[in-house]
Structures are given as C-alpha cells and as structure tokens.
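Student: Read off the chains here:
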Amino acid sequence: MQARTQEFKATARRELGNALSQTFLSLLPPGFTALRQIGMSSFPDPDAAVEYARAIRAEAIARLPELLEQFERRAIELGATVIWTRTSHEANEIILDLARERGATYITKSKSMITEETGLNEHLREGGVEPFETDLGEFITQLLGRPPFHIVGPAINVAPEEIRDAFMAKAGLKESTTDPVRLGLAARLFLRDKFEHLKMGVVGVNMAVASTGTIINVENEGNIRMIKSSPPTVVALMSPEKVVPTMSDALHLLRILSRNCTGQKITSYVSFDSGPKRDREIDGPEELFIVIVDNGRSQIYQDPLTREALRCIRCGACLNTCPVYTKIGGYPYGFAYSGPMGQVLNPLLLGLVDTRDLYQACTLCDACREVCPAGIDHPSLLLSYRARAASDVHGQQTVHALLRRSLATLLAFAMTHPRLWDLGIKLARPLVNIAAQKGSINNLPGAQGWFACRDLPAMPEKTFRERWRQDHG
Amino acid sequence: MADTRGCILEALRTAVRLPPAPRPVLPLQPELILDRPQLVARFTEELSVQTGVVLRATDARDALRHLTETAKAEHIATIMTSTDSALAPLDLKTWGQTHNIAVHTAADFADREAFRAACFGAQAGITGADFAIAETGTLGIIFHANQPRLISIAPPLHIAIFTIDRLVPTYEQAISQVFQDKHTPPSQFAFITGPSASADIQAIAFKGMHGPRKLIVILVG
Amino acid sequence: MAASLTWRSMPRVSMFIPCTMDLLLPQVGEAAMILLKRLGIAPSYHPEQTCCGQPLLNAGHRAQARRAAKHFLTTFWDDDIVVSPSGSCVCMVKRHYPELLKDEPAWHTRALAMAEKTFELSQYLVDVLGSTDVGATHHGTVTYHDSCHILRGLGVTEQPRLLIRNVRGAQYVPLANAYTCCGFGGEFAAKYPDISGALVRDKAQSFLSSPADLLLVSEPGCLLNIGGYLHRHYPDKRVMHLAQFLIQDGGR
Numbered sequence: 001m002q003a004r005t006q007e008f009k010a011t012a013r014r015e016l017g018n019a020l021s022q023t024f025l026s027l028l029p030p031g032f033t034a035l036r037q038i039g040m041s042s043f044p045d046p047d048a049a050v051e052y053a054r055a056i057r058a059e060a061i062a063r064l065p066e067l068l069e070q071f072e073r074r075a076i077e078l079g080a081t082v083i084w085t086r087t088s089h090e091a092n093e094i095i096l097d098l099a100r101e102r103g104a105t106y107i108t109k110s111k112s113m114i115t116e117e118t119g120l121n122e123h124l125r126e127g128g129v130e131p132f133e134t135d136l137g138e139f140i141t142q143l144l145g146r147p148p149f150h151i152v153g154p155a156i157n158v159a160p161e162e163i164r165d166a167f168m169a170k171a172g173l174k175e176s177t178t179d180p181v182r183l184g185l186a187a188r189l190f191l192r193d194k195f196e197h198l199k200m201g202v203v204g205v206n207m208a209v210a211s212t213g214t215i216i217n218v219e220n221e222g223n224i225r226m227i228k229s230s231p232p233t234v235v236a237l238m239s240p241e242k243v244v245p246t247m248s249d250a251l252h253l254l255r256i257l258s259r260n261c262t263g264q265k266i267t268s269y270v271s272f273d274s275g276p277k278r279d280r281e282i283d284g285p286e287e288l289f290i291v292i293v294d295n296g297r298s299q300i301y302q303d304p305l306t307r308e309a310l311r312c313i314r315c316g317a318c319l320n321t322c323p324v325y326t327k328i329g330g331y332p333y334g335f336a337y338s339g340p341m342g343q344v345l346n347p348l349l350l351g352l353v354d355t356r357d358l359y360q361a362c363t364l365c366d367a368c369r370e371v372c373p374a375g376i377d378h379p380s381l382l383l384s385y386r387a388r389a390a391s392d393v394h395g396q397q398t399v400h401a402l403l404r405r406s407l408a409t410l411l412a413f414a415m416t417h418p419r420l421w422d423l424g425i426k427l428a429r430p431l432v433n434i435a436a437q438k439g440s441i442n443n444l445p446g447a448q449g450w451f452a453c454r455d456l457p458a459m460p461e462k463t464f465r466e467r468w469r470q471d472h473g
Numbered sequence: 001m002a003d004t005r006g007c008i009l010e011a012l013r014t015a016v017r018l019p020p021a022p023r024p025v026l027p028l029q030p031e032l033i034l035d036r037p038q039l040v041a042r043f044t045e046e047l048s049v050q051t052g053v054v055l056r057a058t059d060a061r062d063a064l065r066h067l068t069e070t071a072k073a074e075h076i077a078t079i080m081t082s083t084d085s086a087l088a089p090l091d092l093k094t095w096g097q098t099h100n101i102a103v104h105t106a107a108d109f110a111d112r113e114a115f116r117a118a119c120f121g122a123q124a125g126i127t128g129a130d131f132a133i134a135e136t137g138t139l140g141i142i143f144h145a146n147q148p149r150l151i152s153i154a155p156p157l158h159i160a161i162f163t164i165d166r167l168v169p170t171y172e173q174a175i176s177q178v179f180q181d182k183h184t185p186p187s188q189f190a191f192i193t194g195p196s197a198s199a200d201i202q203a204i205a206f207k208g209m210h211g212p213r214k215l216i217v218i219l220v221g
Numbered sequence: 001m002a003a004s005l006t007w008r009s010m011p012r013v014s015m016f017i018p019c020t021m022d023l024l025l026p027q028v029g030e031a032a033m034i035l036l037k038r039l040g041i042a043p044s045y046h047p048e049q050t051c052c053g054q055p056l057l058n059a060g061h062r063a064q065a066r067r068a069a070k071h072f073l074t075t076f077w078d079d080d081i082v083v084s085p086s087g088s089c090v091c092m093v094k095r096h097y098p099e100l101l102k103d104e105p106a107w108h109t110r111a112l113a114m115a116e117k118t119f120e121l122s123q124y125l126v127d128v129l130g131s132t133d134v135g136a137t138h139h140g141t142v143t144y145h146d147s148c149h150i151l152r153g154l155g156v157t158e159q160p161r162l163l164i165r166n167v168r169g170a171q172y173v174p175l176a177n178a179y180t181c182c183g184f185g186g187e188f189a190a191k192y193p194d195i196s197g198a199l200v201r202d203k204a205q206s207f208l209s210s211p212a213d214l215l216l217v218s219e220p221g222c223l224l225n226i227g228g229y230l231h232r233h234y235p236d237k238r239v240m241h242l243a244q245f246l247i248q249d250g251g252r
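Those protein sequence lines, which keep their order, are chains W, A and S. For the first sequence, my numbering assigns the number 1 to the initial residue and increments by one for each residue that follows. For the second sequence, my numbering assigns the number 1 to the initial residue and increments by one for each residue that follows. For the third sequence, my numbering assigns the number 1 to the initial residue and increments by one for each residue that follows.
What the hints contain is simulated information worked out from the structure, not anything from laboratory work. Ideal placement from N, C-alpha and C gives every residue a C-beta, glycine not left out. Heads up, some of the hints might be wrong.
[Claimed, not checked] Chain A is faced by these chain W residues, among others (derived, beta-carbon under 7 Å):
# : residue
1 : 64
2 : 128
3 : 130
4 : 404
5 : 438
6 : 439
[Claimed, not checked] EDC-like mimics (lysine to aspartate or glutamate), calculated; alpha carbons at most 16 Å apart, straight line:
#  : chain 1 : residue 1 : chain 2 : residue 2
7  : W       : 199       : A       : 62
8  : S       : 191       : W       : 7
9  : W       : 199       : W       : 287
10 : W       : 265       : A       : 113
11 : A       : 182       : W       : 77
12 : W       : 9         : S       : 78
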C-alpha cells in the first residue's frame, strides 16, 4: 500500500469537516465502552484476563524465534509448505507466481492487514491476476479505491449511496437500493460466483499456534471458511509475530480478542487449519502455502523497546478509545494501520522521517495503554520515537530540528539556573502581554495554533514565586 | 529462500532477550460447574442470541420429524449431507426419498469440482457436530473425509444434528480432545456460533453474508 | 499509600508549583497553600524550583529533561513529602524520572525515592492526610473533569470526588465523558489545533449540557485549555481548579 502518512494534518482537517465520518466516529467511544463492559464481564476476573493475555503476548514475542521454528516444523509435518520472505515485494511475487502457475486468473482474499501492508492487490493486478476482496467492508473500499477507515470496520463510515453506485457499476447490482441488507446480498451474489470457481485463495492469519502447526482465522462473514474450503490451493500470509505458544493460549486470546473490542463473545466462525486436506477429503486445499513475511520485523525486534510493538493482536480497542482517532478516523494515518497501534507500528515500518505526525499527534492520555490486551505501552513508544527524531541530526528538517534542540538546551539551562529562569520570565512578560486586554490574550504571533479557538490568561504582574518572595521576605 | 529463513531466524535469535515473566493466575471459567440441563439451557440461550434455532428431539425419529418440518418451512428441494457416523441412524437418503427431497453426499460426485457445484446449488447442508459448547452456544465440527467443509458453509441453511452427549462447558474441553499431542490434528476444525453475519455497512448488523443465513440445531436426547 | 515514608515527628512537606501555574495561574498555587495551611500543614516552598521538565521530555529532548529532573530532585531532596496541584508533573516525577535516569544509578535511586514521596494534591489530602472534608462551602451545582494523568497515570478518581461531595452546599453531578481527554496534551494543542479544538469543544459541550454551573479540574493544563475555550466562547461559564474550590468558605 502506498503510504500517505505525510498528509496527516490535511486529511485530519478534511475528516473533521466530514459530517458522516463525525457522526459515526462520535458513536464509537460510548458504544465501545458499553460493549467492552458487557464482553469483559463474561470473565470471572476481567483484570486477570487482560493480564493473562498480556503475559501470553509477552512470552510469544520473547520466544519468537523458537516458536516460529516449532510452528514451521509442525506445519511441514502436516503437509504445509512454509515460505520465508524478507520483503513485501518477495512475498507478493511468490503469491503471484503461485497463482500464475496454477492458471488462476483471479484470486479471492480475506481481510488481511498484512496484505495491505505489502500491497499485494496492486502487485497481483499488475501481474494479470485479479484480486477480489471478499470481506464486505474491504470489498467496498476496494471498489471505491479507498484506504480502511477502521481496522475492524474498513468501510463502516461509507454512505450507502456511494456503495450502491459502486455496486451498480462494478458488482452487478441491478436494482437501486441503499438498504444495507440488500447491498450485502448483492455483494454475496457477486462474490459467491467467485468462490464457486476459485482456483486459489489468499487469507491472513490471526494466530499461528506453535505447538500444533495450526493457523487460526476469526471472522463473522464466512468468506474465510469459503476461501479455505473451496479452492485446491490456499495461501496464508503472516508476519512472524502472529505466533502463540499453545492452543490453550490461543483460546484465551480468542476470548479476549472479541470481548475486548466489539463486545462479541466470539465471532461467528473460528477455523483452525492444520496443514492441507488429508487423503479422501473432497474439499479443502490440496496445497497449503504459509508465507511468512518479515518486512522489517527482525530489525524492529533488535531493540527491546520497539519489539513490544509486535505484541499487537489487531483487536482495535486502542482505536475505539483514542480521543484523536475517534475525531479523525483511519484515513489520516495514511497506511494499513491506524489509531494508536498505527502510530506505534507505521513509524517502525516506514521510518521516522515520513511519519512525524503519527508520533507527534498524541496527547499521551494513556487510554490506549490501559485497554490494550497485549500489554503495549503506546505513549512510551511514541515518546521514544520523538526522542529519536529530536536527536537525529541526519533527519529531514535539520535546521528546524537544530533550532528546537538549541531552544530545549537553553530552556534546560534556565530550568537549572533559577535566577536566569526568573530573569527570563521578567523579560518575557511584557512581550507575552503585548496584546493583552482585560487580563486575557486572544492572539500572539507564532501561536495561532493555541489561539485558533482559545484565549490565554495574561501573565499576571507577579508569578507565584515573586508573590511568595514578597510575602515571605 | 533458505538464506532468507536463516537470516531472519538468526537476527531474532541473536537479539538481546530476557526470559518471559511467569504467568499470572487466571481464574477458571464459571461454566465448568454447570450440569447437563444447565449446559443445554446455556447453549440454547447463547445460540439463540445469535439467531440460531435449537430444536429438541427425543430420538432419531423425532429428529427426522423436525427435519421434515424444517424442509417444508424452508422450501428445501436439494440437501447436501455429510456421512458423519453420528448421522447414520437417521438414514437421510431414505428420508429424502420419502419426502421427495434430493439428498446427496460426497460419494455421489466424481470429483471435487462436481461436489463443489452441488454444494453451491443446494438449499441446505446437514452435518453432525462433534461438540456443542455451552459457553457461547458454539458448535465444534471436525472436518474430515466424512464431514466435508463446504456442506456447512455454502448452502444458505445449515442444519446440525447431534446427540446431547456432545455438550461440553467451554472451548477447552473441545480443543483438548481435538488437539491431543499424540494424534495428528484434523485438517480443519471450526467453531460455528450462529449463521454468518456482517455489520460493515454503517454498523447495521445483519445475518447471512457469505455463509449460511440460518443455523438450525436438532439436539437429540 | 506512602508505605515507605521516613517520618520525622513533623514531616517536612513542600509544595511544587507547576511552571504553567507559576506563570499564568499563581492564584491557584496560593489557593493550594491556603488549603494545606487550613488543614494544619505548613508546606514549605523552595523558590529555586523551576519546571519538572515534562515539556522537554514530551518533545523528545531527553538529555535536557534529565537536567531539569536532577534540579527537581536536588531542590526537594530534604523534604519528606512533595505535593503538587498537578497530575502531569507528579506523573513526570513518579513514572518518568526513574526511567529517564536509569543509566545513572545514584540518580536513579534518588528518583525512586522521590517517586515514593511525591503526591498530587487530592491524593495527598485523602490518602495521606486522611482528610475528606476540608470545611469548605459552596452553593451551587458542580461537576468534575478527570485529567488523563490523574485518572490513568496516577489511578486517582475517588479522592477528588470525595472532597467535592463534602463541600457544604455543593451539589455534585457527574460530567458526561469525564474520562475523555480534553485535547490539551501540551504542545499538541498548539501543533494540532484542529483536533485539539474539536476535543476541547466536546469537553465544553459536556459541561454546558450538564446541570452544573461550575466545572472543576485538578490540572493546570486542562484548566488553561478548557478555561481558554470557555473564555473565548462562553465567557459566563465558570471553571476553576479544585484547590480554589476547596478554600471557598461561603464568605466567612
């Protein structure tokens, strides 16, 4: 997927002015809070359930290479083919080759963020293999050429009129309708034909169980089960951090995944695939390819701090609870991953230079960290990116960065030299108060950001310290 | 490729790592202490919330009575059925002949293509279920040669017929049996909790996306 | 609770006034001092204090933040308790100082010790002093906004509410979406004005649509943000710091 992380501010402004987006987004926080409450109450001890999930993910990441090897060994024993790729391009090429070799002119795929990250669809299309998204939300965003709005509901904000128009133009919808159920039915009919004649399907992986060599997929729509049942060839694409140690661990994460995010106790379907089909089975894949794509993760893994970002299970709870995300939606983040988990992951995948706004645009409110079942401390990670960017002399905005660093050093000097601090305040006061009226300032040059919608109290004649000195000699 | 694998694993292995902290204590799920009638009630309650229909049958004959009524109500002309041993007492082929409903199994088809086409054309699919999990009203189905996958995902109606002894309290009881260390696991195992669903358009939820629109369970015993 | 405090017969309590408060809201700092005096505590004030360094850390200037941290640690070293009418500064001390100084063992130890003895104001009043009724009076309906640092950083929710409810004549009503960030976030408010503006507008709307005629906050940043917005758009609507509220005596 082409990254548009540098368009954050402009896209955010656009989305803030989009009434439909805003209406939908405003429902997320209360809806999510209520649903999560209900979902998590099915645990006898919700806090313990979250702590346990965090421990599972911590272990999965701590033991990543061992678990990957174990998963690979078991999967191969069961007849799967495991392919390792370093880059997105390599992974996309392999999948394209597999499709071509098997005479597949099209593939159907499930919603899979790793495939968005690697840009699989564009690669396949350019190679002459038509990719069809089958998750309803992804199907819609694919037809509209739009990035995902939310990692769980990628087209949840799109107006039914737009969907109708796209379906009438490209998905065989005959009768005009804006009823979501009938639109869903149109998508079902269109894609059913693709499932029925499918030669090769592509799915993501929610969890890869090391002890049994099993891949697990969760879904509500049935498209993943279709894709894993209908064609003779199935490709499952995963990034390394999807491994979990045992089936018992997988079950706990399964419980947490839905309940922590959408309040569902469990999705409609959870399918556990251990290798391709066996002899005498009349459906299921003859060939199961599991493609593991690194795309920078082994590098991310080197730093124990950034490594924590790999714990994410893509539950979406952080999005639903983030004051920034629930104001601007997914588009401004400009890549496959949005919300706090996107702010944490995209800079690691795309570099700090092009993702500046992603780690700056955070109030550090901690809501994401609190709700994360995988134990990620998003605010700390963002602060570490800010530190890295501030000290990076070879970064893009060198002059600007140099100036900021000099200012910071000056401030720190003043903070450690109280008399200089006091002097600085005395000198600043008349400048700050230059436009003050009746004890209030409504604008200052260079500070239009603050004053766009707020006033500031004028600096009183004396600071607390000055008053104290006066009163206490 | 071998080099890629080696490079990735080597990079991961040589990174500075601390052993993971011990796991905290996790209380047991409360469903574990439910008795049989409570398990049935809980299973039914949970699955009903997902619009699944749970019909009770005293024996095979009673089960077939439910099946006949369902076929009539849903205007079923063609059914695909698995040949899971649990369904044997029902003798579904004979039942089909009696009620003028075409009942097909995998064995009726020369190859996977023909079988697939039949599944996409059938109005209903009948399977057994290896487990009925009370915790969330979930069916646990092992797919194998006598229990093909497409039968429960392609037709718009899925009918699962099984005996009451399949009821278990939580996922763990099902999984521990399916994934035993000594045995090769099945090629596919699935948890099915209600019909297929989506809420991807304006968050308006509906049943019947790509999988079945309706799930009917006939619980025997 | 401060389990590991070294108590003298009269613990030495000192006040840390956040730099924003020192410069822009000195009356709030004075209210905090008056409040503690009324409860029999005579907190000292060290005039050499400056800033806890949080703005520097948030902007990624760790080395500079470290210097500010060391100055703070030195300034308050001899005190048994440090109190501040600000959750974000207290979080900086409790959660960030140890991490910031992790590579300098002596300073790290000092930071850990300081973390144990530093409290946000309402936390100090209720958890340490055991005071839930400070003898204040207010006639009117009030509500309270939880700052993110106090709520999630320090886990303090009940303490301010207890204090508010015990104010004679005050009718407390909960604020809708009290736990949602007001959009301050330090530099965030200036760098991302569109988003910050939308958040502070929402927060103001929650207040305006409540039966309360007074909004209380325990955080100078939130106070400047929400107060600044209200002053621009709804100048008749009142917001004040909890410390100011708690010294109201109904005209005594």
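Student: Taking the earlier hints as the rules, which of them does this structure contradict?
Tutor: Violated hints (numbers, rising): 2, 3, 4, 5, 6, 7, 10 and 12; every other hint is consistent with the structure.
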